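One-letter residues, chain by chain:
There are 2 protein chains.
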Amino acid sequence: MVSEFHPSKLALLTDLYELTMAASYFENNMFEPATFSLFVRKYPPNRHYFVSAGLADVLTFLENFQFTQDDLAYLDTMEMFSPTFLDYLEKLRFEGDVYAIPEGNIFFKNEPILEVTAPIIQAQLVESFIINAINLQTVIATKASRCIYAARGRSLVDFSLRRTQGVDAGIKVARASYIGGFGGTSNTLAGKIYGIPVFGTMAHSYIQCFEHELDAFLAFAHTFPKNAVLLIDTYNTIAGAHKAVNVAKKMQAKGEKLRGVRLDSGDVAKLSKEVRGIFDEAGLKDIMIFASGGLDEFKIAHVVRRGCEIDSFGVGTKMGVSADAPYLDMAYKLVRYAGKPVMKLSPGKITLVDKKQVFRILDSDGKFKRDIIGLRDDHIEGASPLLIPVMAQGRMLGRQPALTEIQKHFLKEFKNLDERYKVLEGPVEEYPVTLSPRLQELQDRVEHQIIEKELGES
Amino acid sequence: MVSEFHPSKLALLTDLYELTMAASYFENNMFEPATFSLFVRKYPPNRHYFVSAGLADVLTFLENFQFTQDDLAYLDTMEMFSPTFLDYLEKLRFEGDVYAIPEGNIFFKNEPILEVTAPIIQAQLVESFIINAINLQTVIATKASRCIYAARGRSLVDFSLRRTQGVDAGIKVARASYIGGFGGTSNTLAGKIYGIPVFGTMAHSYIQCFEHELDAFLAFAHTFPKNAVLLIDTYNTIAGAHKAVNVAKKMQAKGEKLRGVRLDSGDVAKLSKEVRGIFDEAGLKDIMIFASGGLDEFKIAHVVRRGCEIDSFGVGTKMGVSADAPYLDMAYKLVRYAGKPVMKLSPGKITLVDKKQVFRILDSDGKFKRDIIGLRDDHIEGASPLLIPVMAQGRMLGRQPALTEIQKHFLKEFKNLDERYKVLEGPVEEYPVTLSPRLQELQDRVEHQIIEKELGES
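Chains as they are written, first to last, in this note's numbering: chain A, 36 to 493; chain B, 36 to 493.
Some hints could be false.
Since the list can't tell identical chains apart, any single copy or any two copies may satisfy a pair.
Below 30 Å or equal to it, Euclidean Cα-Cα: the simulated DSSO-like pairs (lysine-lysine) are [unchecked claim]:
#1 261 x 126
#2 334 x 77
#3 77 x 402
#4 285 x 443
#5 144 x 334
#6 488 x 261
#7 305 x 77
#8 285 x 488
#9 292 x 457
It should be emphasised that the hints constitute simulated quantities derived from the structure, not laboratory data.
Remember, it's a predicted structure, so these values are computed and weren't measured experimentally.
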């Protein structure tokens with residue numbers, strides 16, 4: 036267990052090669068400005084767009100970037116770094132500029148999401164954290180948006196905490212799934228940190244602590260006379276539903292009200308209709324039905340397609356780890372150094388050179404038509420630039436939007452993305468993204484120069 | 036970004052239903068001891084065993100369990116909890132007993148890995164964290180062990196930090212992959228926290244900051260005259276290898292030594308042989324060859340099978356998120372309350388009742404032969420119990436083993452697991468795990484009682 040999670044203590048959360056490179060830049064007096072560009076190289080299976088998330092963490096990290104005395108003492112024990120370099124690290128802060136696509140926006144492969152310009156050492160050392168933060172939250176916000184699409188208006192709650200990949204993921208999944216349209220989370224700490232609505236019912240263990248299931252229901256209703264949601268599948272869902280009717284009527288008699296029931300196993304589409312029937316017949320039309328258990332966008336879509344009487348889904352593990360696509364091929368690549376555009380030629384991993392901008396062209400009805408990746412100073416008639424300046428000289432620019440605003444913005448944008456890119460499975464023609472003529476020309480020129488320079492000399 | 040990661044501040048990292056249940060137990064004066072059992076319900080694709088990891092975090096969490104004033108103030112704002120319950124939570128500490136399979140052991144599906152016995156509220160509230168911690172590290176240690184098996188003696192280093200699911204995962208993956216047999220990590224903070232060996236070379240960006248690749252190699256060698264590992268695929272791997280020879284000879288002339296090169300793209304099996312040939316021909320037999328780029332156990336096995344001259348693999352994303360099996364169906368279930376064994380009947384989710392023990396029977400040559408899940412107080416001739424007491428009345432028992440010891444223990448155990456359970460792909464007959472006669476008898480009796488009691492009354 037570690038206590039090193041505070042943003043001002045995360046400078047050492049970096050791949051060692053960032054530090055060995057930094058040491059060598061330092062020794063070679065290389066302090067020129069560098070621009071790194073963050074982008075996703077390709078779509079994972081069944082993904083045709085991405086939802087940007089994680090920027091807030093990156094900005095907090097950059098603003099607080101500094102090595103602690105402990106960090107420096109540890110680096111010293113490695114016997115790789117000179118005392119002058121360690122002195123330099125002690126004073127090092129992040130003083131760069133950042134352009135980024137704000138959280139809650141939709142973007143596509145190869146489009147820069149974030150570009151950092153800073154003296155090379157600063158821009159290099161922050162690589163591992165930047166990818167880590169934006170990769171995770173983008174993976175999850177994208178997965179969550181697919182669940183939202185599948186649920187066709189039913190509300191979704193994040194139930195994934197227990198099987199997210201660690202503590203930080205547990206908290207960030209609650210945040211990112213909320214950006215992607217979820218209504219809340221079961222994660223109490225995330226609720227406290229982010230002000231996200233928190234939901235909770237009961238587990239099977241609660242039922243099992245009582246002599247009879249009915250006793251458990253009555254005791255829980257007694258504790259929560261307005262908010263009780265009863266889990267009815269511990270022994271048999273239909274028998275549980277009849278007991279819930281019994282409880283609801285007793286509550287009614289006292290002026291109380293049963294909020295709902297939860298189904299957590301079996302054929303929830305079919306069961307929900309039977310349970311709805313039992314409640315309706317008893318005149319209990321406003322008892323809500325929640326469903327959970329191994330859900331993801333595919334299973335939600337299946338349940339919805341078959342017809343169901345489910346008001347809200349609790350979505351757990353498979354969303355919380357994005358089980359079918361648990362990472363993105365996201366890279367942070369040097370695109371400009373000391374005033375010159377640069378690229379590498381490694382097979383299958385070519386990067387777009389220089390400081391860039393993403394331009395989006397909308398249809399007359401406001402729908403996304405196509406994107407153009409251009410140079411930062413390109414001007415493209417009738418197109419809106421997606422990257423905006425979010426940090427200058429190491430300080431955040433402007434007010435950070437509230438999470439509810441980010442969600443609202445995302446849901447608005449999501450409406451403007453054509454249905455064809457939202458299909459959950461099967462082949463889809465990619466959303467059109469092209470390069471501006473100036474970027475294409477520069478790209479070709481730099482590639483040509485490098486081939487001449489490097490592959491002529493070997 | 037959050038600062039709530041310290042173990043003494045994680046009590047609120049719990050699903051809200053743990054708190055609503057606790058409130059109801061409190062109101063109903065239910066403080067009897069409960070036993071919860073942690074186990075994995077089924078094997079993910081291509082897994083036939085698990086490597087236990089994550090216990091150290093759980094014990095630290097339990098020993099430090101307490102709600103902060105901030106937590107209580109937040110819970111109060113939810114308007115769900117009574118002031119007397121919040122007062123109770125303020126004083127609440129974990130005072131239970133824990134049995135567990137120590138870290139670095141091999142276990143199988145349905146076997147309890149950990150059993151908590153504590154007053155019901157305490158045992159219930161810690162559920163989310165316990166599953167979260169043990170699920171992640173067990174997933175990763177298991178994945179790492181598969182990579183180790185595939186590498187056939189070549190050393191592996193964790194390169195996954197940038198794409199692990201968050202900060203905590205980045206650190207825990209370094210730890211858990213080390214338990215699973217890795218030689219080190221690129222994650223500098225994990226190195227500092229756990230004393231794991233840390234490795235780092237250079238990135239493409241370093242090369243690109245120089246006018247020529249050769250200039251970059253020479254500058255890096257100058258900074259690290261004993262430890263330099265040159266990345267040679269930025270423009271062309273073979274051309275890069277020839278430049279590395281040039282650098283190595285210049286270093287030799289000065290009494291220095293090039294440690295190695297890294298291949299990060301293309302057909303690394305084939306390239307490694309070509310590069311080895313170039314070095315050997317130049318009389319540079321001890322330059323090491325490292326390989327990285329999209330590796331997992333399947334790709335490592337493929338490269339090794341084709342023949343390669345790779346001394347060490349850097350294994351990143353696919354190991355760090357366990358891409359093909361990013362979670363386990365791990366559950367923490369009530370098995371005993373107030374002196375009585377309990378179970379639920381939800382379809383496909385039946386639990387083994389009561390306090391248990393796992394017994395392992397070895398062959399005459401020390402190989403694992405079969406396991407028996409029994410009652411805690413079963414005695415099985417010639418079998419060793421795997422669960423040991425690790426916490427009593429909320430305090431850890433005995434010394435926590437060093438990470439190197441855990442790794443050593445795992446590697447010894449792994450030798451005793453038959454090869455057939457280590458195959459990377461394809462169907463495998465499951466390792467034999469049976470129930471002891473006493474457990475089977477109790478299981479049947481409790482199931483029968485519940486069916487009578489619950490399904491007779493509806």
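Against the structure, the hints come out as follows:
{"no.": "1", "hint": "261 x 126", "in the structure": "between (56 Å within a copy, 27 Å between copies)"}
{"no.": "2", "hint": "334 x 77", "in the structure": "both (25 Å within a copy, 19 Å between copies)"}
{"no.": "3", "hint": "77 x 402", "in the structure": "within (23 Å within a copy, 45 Å between copies)"}
{"no.": "4", "hint": "285 x 443", "in the structure": "neither (40 Å within a copy, 61 Å between copies)"}
{"no.": "5", "hint": "144 x 334", "in the structure": "both (26 Å within a copy, 25 Å between copies)"}
{"no.": "6", "hint": "488 x 261", "in the structure": "between (74 Å within a copy, 29 Å between copies)"}
{"no.": "7", "hint": "305 x 77", "in the structure": "between (38 Å within a copy, 25 Å between copies)"}
{"no.": "8", "hint": "285 x 488", "in the structure": "between (84 Å within a copy, 22 Å between copies)"}
{"no.": "9", "hint": "292 x 457", "in the structure": "neither (39 Å within a copy, 55 Å between copies)"}
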